[in-house]
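Asker: Residues per chain are reported as follows:
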Amino acid sequence: GNSVTQMEGPVTLSEEAFLTINCTYTATGYPSLFWYVQYPGEGLQLLLKATKADDKGSNKGFEATYRKETTSFHLEKGSVQVSDSAVYFCALNPARQLTFGSGTQLTVLP
Amino acid sequence: DTEVTQTPKHLVMGMTNKKSLKCEQHMGHRAMYWYKQKAKKPPELMFVYSYEKLSINESVPSRFSPECPNSSLLNLHLHALQPEDSALYLCASSRLPGETQYFGPGTRLLVL
Numbered sequence: 015g016n017s018v019t020q021m022e023g024p025v026t027l028s029e030e031a032f033l034t035i036n037c038t039y040t041a042t043g044y045p046s047l048f049w050y051v052q053y054p055g056e057g058l059q060l061l062l063k064a065t066k067a068d069d070k071g072s073n074k075g076f077e078a079t080y081r082k083e084t085t086s087f088h089l090e091k092g093s094v095q096v097s098d099s100a101v102y103f104c105a106l107n108p109a110r111q112l113t114f115g116s117g118t119q120l121t122v123l124p
Numbered sequence: 121d122t123e124v125t126q127t128p129k130h131l132v133m134g135m136t137n138k139k140s141l142k143c144e145q146h147m148g149h150r151a152m153y154w155y156k157q158k159a160k161k162p163p164e165l166m167f168v169y170s171y172e173k174l175s176i177n178e179s180v181p182s183r184f185s186p187e188c189p190n191s192s193l194l195n196l197h198l199h200a201l202q203p204e205d206s207a208l209y210l211c212a213s214s215r216l217p218g219e220t221q222y223f224g225p226g227t228r229l230l231v232l
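Residue numbers (my numbering), protein chains in the order written: chain V, 15 to 124; chain E, 121 to 232.
Nothing false has been slipped in among the hints.
Pairs of lysine-lysine residues, derived as DSSO-like cross-links and limited to a Cα-Cα distance of at most 27 Å, are as follows:
# : chain 1 : residue 1 : chain 2 : residue 2
1 : E       : 161       : V       : 91
2 : E       : 161       : V       : 74
3 : E       : 173       : E       : 129
4 : V       : 63        : E       : 160
5 : E       : 160       : V       : 74
Short derived list, chain E residues pointing at chain V, Cβ under 10 Å:
#  : residue
6  : 122
7  : 151
8  : 157
9  : 161
10 : 163
11 : 165
12 : 168
13 : 176
14 : 208
15 : 210
16 : 212
17 : 218
18 : 220
19 : 221
20 : 228
Simulated from the structure, these hints should not be mistaken for laboratory data.
All C-beta atoms, glycine included, are put in the ideal place defined by N, C-alpha and C.
Only chain V is shown next, with the shape it has when bound in the complex:
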């Protein structure tokens, strides 16, 4: 079946630290891959996406590359800010429905 595995949280970093949140997936076919972010008390916002192998999605300093050979879509940011504190969800849509990972809580300390 289709599934997404995210690194366990919570993750706590100091401001300006490098961020990696690991995401691996299992899917049939060629799904699109997504990262959504949920700030406290809010809905989900699309952070970035990639629709085919080797595509790199990027937004607000965040990047993720669709790696078909390792079935991964790791989220990275070179220098996090306090305002990046949120829950991050990796997701895929192999069959017209989104399959989410469990989410990773990120806290950035000043």
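Assemble chain E onto chain V, guided by the hints.
Answerer: Here is chain E on its own, set in the frame of chain V:
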């Protein structure tokens, strides 16, 4: 513009009440979705509407009744809910079924 709006933002209801949640988008999207999200969990799909027709019902109890009056509007009618139904209810839309979904801010529901 990728805005999905939801009203109300917060809702408190008793187990005998009837209430409705509303979702609206004006992006011309032809697929709309309802999700339920419990604290510290990912969203769970409840219903999918494609071209104003219900296409997926994820075995949701009948006390939740979706309605899609037109291509821009999606309602979720609530009746005789249980305390365990307390959650954040999220609406999303996509240009076509299976394409990128854009979420609204959600309605935080508390059932007493």
